[in-house]
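Starting from the given sequences, assemble the full structure and let the hints guide the process.
Which chain is which? The protein sequence lines are X and V, in order.
Take the first sequence: its position 80, counting from 1, is numbered 80 in the numbering used here, and each next residue is one higher.
Take the second sequence: its position 58, counting from 1, is numbered 262 in the numbering used here, and each next residue is one higher.
Among the clues, some could well be false.
[What the hints assert, rightly or not] Derived SDA-like pairs (lysine to any residue); straight-line CA-CA distance at most 25 Å:
{"id": "1", "chain 1": "X", "residue 1": "LYS3", "chain 2": "V", "residue 2": "ARG246"}
{"id": "2", "chain 1": "X", "residue 1": "LYS21", "chain 2": "V", "residue 2": "ARG246"}
{"id": "3", "chain 1": "X", "residue 1": "LYS21", "chain 2": "X", "residue 2": "ILE59"}
{"id": "4", "chain 1": "X", "residue 1": "LYS3", "chain 2": "V", "residue 2": "ARG227"}
{"id": "5", "chain 1": "X", "residue 1": "LYS112", "chain 2": "X", "residue 2": "PRO100"}
{"id": "6", "chain 1": "X", "residue 1": "LYS112", "chain 2": "X", "residue 2": "PRO137"}
{"id": "7", "chain 1": "X", "residue 1": "LYS21", "chain 2": "X", "residue 2": "ILE4"}
{"id": "8", "chain 1": "X", "residue 1": "LYS112", "chain 2": "X", "residue 2": "VAL92"}
{"id": "9", "chain 1": "X", "residue 1": "LYS112", "chain 2": "X", "residue 2": "SER79"}
{"id": "10", "chain 1": "X", "residue 1": "LYS21", "chain 2": "V", "residue 2": "PRO233"}
{"id": "11", "chain 1": "X", "residue 1": "LYS112", "chain 2": "X", "residue 2": "VAL168"}
{"id": "12", "chain 1": "X", "residue 1": "LYS112", "chain 2": "X", "residue 2": "SER140"}
{"id": "13", "chain 1": "X", "residue 1": "LYS3", "chain 2": "X", "residue 2": "PRO131"}
{"id": "14", "chain 1": "X", "residue 1": "LYS112", "chain 2": "X", "residue 2": "LEU83"}
{"id": "15", "chain 1": "X", "residue 1": "LYS112", "chain 2": "X", "residue 2": "VAL145"}
{"id": "16", "chain 1": "X", "residue 1": "LYS3", "chain 2": "V", "residue 2": "MET250"}
{"id": "17", "chain 1": "X", "residue 1": "LYS112", "chain 2": "X", "residue 2": "ASN143"}
{"id": "18", "chain 1": "X", "residue 1": "LYS112", "chain 2": "X", "residue 2": "VAL77"}
{"id": "19", "chain 1": "X", "residue 1": "LYS21", "chain 2": "X", "residue 2": "PRO126"}
{"id": "20", "chain 1": "X", "residue 1": "LYS3", "chain 2": "X", "residue 2": "THR44"}
{"id": "21", "chain 1": "X", "residue 1": "LYS3", "chain 2": "V", "residue 2": "MET268"}
{"id": "22", "chain 1": "X", "residue 1": "LYS21", "chain 2": "V", "residue 2": "ALA252"}
{"id": "23", "chain 1": "X", "residue 1": "LYS3", "chain 2": "V", "residue 2": "ALA252"}
{"id": "24", "chain 1": "X", "residue 1": "LYS3", "chain 2": "V", "residue 2": "TRP280"}
{"id": "25", "chain 1": "X", "residue 1": "LYS21", "chain 2": "V", "residue 2": "THR279"}
{"id": "26", "chain 1": "X", "residue 1": "LYS21", "chain 2": "V", "residue 2": "GLN276"}
{"id": "27", "chain 1": "X", "residue 1": "LYS21", "chain 2": "V", "residue 2": "ALA243"}
{"id": "28", "chain 1": "X", "residue 1": "LYS112", "chain 2": "X", "residue 2": "ASP129"}
{"id": "29", "chain 1": "X", "residue 1": "LYS21", "chain 2": "X", "residue 2": "GLU2"}
{"id": "30", "chain 1": "X", "residue 1": "LYS112", "chain 2": "X", "residue 2": "PRO126"}
{"id": "31", "chain 1": "X", "residue 1": "LYS3", "chain 2": "X", "residue 2": "LEU189"}
Keep in mind that the hints were calculated from the coordinates and are not lab data.
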Amino acid sequence: MEKIITTPSESNESMLEIDLKDPRVAAFLAWLIPGAGHIYQGRTGKGILFFVCIVGTFIYGMYIGGGRVVYASTADVFSRQFLDRWQYICQVGVGLPALPAIVQRARMREHKEPFGNFMRPPYDFPPLDQPNLMQSPDLSDPNHVVTSPDELSKWNYDLGEYFDIGTVFTVIAGLLNVLVIFDAYGGPLVIAPEVDSGEQTGKT
Amino acid sequence: MIHLLQQAPSMSSCLLAAVGIVRLWYAVPLVTSVSLVCAATRHEEMGAILNHAARFALWIVVFMGIVLGVIQLLTWMQ
Numbered sequence: 001m002e003k004i005i006t007t008p009s010e011s012n013e014s015m016l017e018i019d020l021k022d023p024r025v026a027a028f029l030a031w032l033i034p035g036a037g038h039i040y041q042g043r044t045g046k047g048i049l050f051f052v053c054i055v056g057t058f059i060y061g062m063y064i065g066g067g068r069v070v071y072a073s074t075a076d077v078f079s080r081q082f083l084d085r086w087q088y089i090c091q092v093g094v095g096l097p098a099l100p101a102i103v104q105r106a107r108m109r110e111h112k113e114p115f116g117n118f119m120r121p122p123y124d125f126p127p128l129d130q131p132n133l134m135q136s137p138d139l140s141d142p143n144h145v146v147t148s149p150d151e152l153s154k155w156n157y158d159l160g161e162y163f164d165i166g167t168v169f170t171v172i173a174g175l176l177n178v179l180v181i182f183d184a185y186g187g188p189l190v191i192a193p194e195v196d197s198g199e200q201t202g203k204t
Numbered sequence: 205m206i207h208l209l210q211q212a213p214s215m216s217s218c219l220l221a222a223v224g225i226v227r228l229w230y231a232v233p234l235v236t237s238v239s240l241v242c243a244a245t246r247h248e249e250m251g252a253i254l255n256h257a258a259r260f261a262l263w264i265v266v267f268m269g270i271v272l273g274v275i276q277l278l279t280w281m282q
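Okay, structure coming up:
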């Protein structure tokens, strides 16, 4: 299902014609990999711009947050507790880069060993093989350790404000990709009014 | 009000200290990214995108500055 739209060109008086190809495929690709939908449509410059901005923001947020800020709740999807980690619903807007969190969530729910610590949900209780998991060094007194009630509290203690800053970066990256998905599906937001079919055929 | 204006220089230094200049640098990549993506969803040509992004980034900075000023003013009035 090919779709072609027109939008005003700023460099001259003419109209730009954009071939959206199959908008649904483009929207799916745009979600899966930011910018991929535009590259599929031949809008390569915008595709690269979206990829760099969104994936860059997401990775930078992960870096600031020590790789801990993207994870999904292990609670049932339709339960109230799932919304305690509402940030992931926004983060998953970035597509493939956020999907490992779903795999890690599934493994934790099945009481299996997660694939490393990458995008792993926090433990409520320390696993048997890591009894000291909830302990952090006390920055004010090296002879003491701080024991957190759960791993999420430990991450907040260890990372401080950077946990929140990293979360904000990754959430915004996911939300920005929603705009990109709409752009891939329907073209730019400012679209010229459709030309009357009567004018196209020369009728007045 | 006059008393408030007389204290303005020291207040501004307090403002900067309170905000934490270093933390403000984290806003730079975010504002850049948000303005570029939003501008790119409204235009198709790179020149128009960059032009819109520059204006939008300035608008964000001014808006955030106003909000920061209002919050700081409310803090002083407490």
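Name the hints, by number, that the structure is in violation of.
Numbers 3, 4, 6, 10, 11, 12, 13, 15, 17, 19, 21, 24, 25, 26 - these are the hints that the structure violates, sorted from lowest upward.
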